[in-house]
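S.K.: Okay, here's what each chain looks like letter by letter:
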Amino acid sequence: DQQVKQNSPSLSVQEGRISILNCDYTNSMFDYFLWYKKYPAEGPTFLISISSIKDKNEDGRFTVFLNKSAKHLSLHIVPSQPGDSAVYFCAGAGSARQLTFGSGTQLTVLP
Amino acid sequence: GAGVSQTPSNKVTEKGKYVELRCDPISGHTALYWYRQSLGQGPEFLIYFQGTGAADDSGLPNDRFFAVRPEGSVSTLKIQRTERGDSAVYLCASRPTDTDTQYFGPGTRLTVL
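In order, the protein sequences belong to chains A and B. If you count the first sequence from 1, position 87 lands on 87 in this note's numbering, and the numbers rise without skipping. If you count the second sequence from 1, position 37 lands on 37 in this note's numbering, and the numbers rise without skipping.
The shape of chain B in the complex, shown without the other chains (with noise of 0.2 Å):
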């Protein structure tokens, strides 16, 4: 079946600007995660959906950074006011009630000029 969706692959943008993530996670998949990975490190936690809501976003490194999930399934994460240390690429995971493992997307790749 499909797997996790994530687009743009790559999103360049300059300093300042606005930036929407998206996520299709895998169909009947009730919880979601946003991870960042910087080069050379392992992804890092953002924020968790479970359906709808946002059950923990202890992860999101400040407010310029939200994410929402409006019906359960597809997830955008929204980058305000770009900055050049947000640079790195952005992945997502979901994974179904039943078990504990993570499926995730291919990541898009966000360059802040």
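Just chain A, same shape as in the assembly (with noise of 0.2 Å):
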């Protein structure tokens, strides 16, 4: 049983768009979500998260959206750039703050 989804396993978008990332859950215990950006041969790396008491964070080009009522968050990234390259990974975090990540999804920014 997947508790965390990330349906689309690669997103291509060119440099100076918009990048959208989305990602599912279905454990309604989970009171905190992060992103993770992982290059290859590199442990993830922290990008931004959110309580689930918000509906929005932003920190400089990312911002977080959660739906609670959807159980769906999204991660956007505006402008993308070239570097942004890389999997995106989704986590909801429990009581203990264990991670229950998504599958991640590729993102490709064309120059």
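Hints are not guaranteed to be accurate.
What the hints assert, rightly or not - Dumping the calculated BS3-like pairs for lysine-lysine here, alpha-carbon to alpha-carbon at most 30 Å:
hint, chain 1, residue 1, chain 2, residue 2
1, A, K71, A, K5
2, B, K78, A, K37
3, A, K56, A, K71
4, B, K17, B, K78
5, A, K37, A, K71
6, B, K11, A, K37
The hints are simulated quantities; they were obtained by calculation from the structure and are not laboratory data. Just so we're clear, the structure is a prediction, and the values are computed from it rather than from any experiment.
Two chains, two frames, a set of hints: combine them into the complex.
M.R.: In structure tokens, the structure reads:
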């Protein structure tokens, strides 16, 4: 049973345009959500997070939106840059903050 | 400052052997987590330490897997009688007490032949 789903394995976007990565979850006990970026042969790097009591969090070019009723979150990157090309994972955090990850979306930003 | 470090970066072993994977967390981080990532998947939770004790080991797949953190800093993940299905990248993360964000190391790629 996948508690966190990223249904798009890959996404290609033109440089300067908006990238939108989506994530759905089923576990209502998650009270915190995080997005990580991962380059090959490196560990995941923290990008941005959101508490379940909020519906939006913004940090520079990155904005995360949370729709609790739909159990859906999304990451917006604008403007997208070639250096943003990586695999993006969303994760839900349980009570002990152990993370449940989605399977990832490979973002490719085309110059 | 220094991030989470993991050694070795790569480990190749034969089926049935014993392996130890080491994690050095960020100094002062009380919480430490181990995850396992298979090809094409997201990381999967294995075990969580708060200080020296394993607060949650519900993600360990079976009793061949064991982890310790005797002094509340460095942690070692131990795998006995390795199987080919254990091949994966093993990730360690640490978290300070006052935030919800985990910081990951580069991982150890384990290959069981």
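S.K.: Are the hints correct? Go through all of them and say.
M.R.: How the hints compare with the structure:
no., hint, verdict
1, A:K71 <-> A:K5, "holds, 11 Å"
2, B:K78 <-> A:K37, "holds, 28 Å"
3, A:K56 <-> A:K71, "holds, 14 Å"
4, B:K17 <-> B:K78, "holds, 11 Å"
5, A:K37 <-> A:K71, "holds, 21 Å"
6, B:K11 <-> A:K37, "holds, 24 Å"
Of the numbered hints stated above, none is contradicted by the structure.
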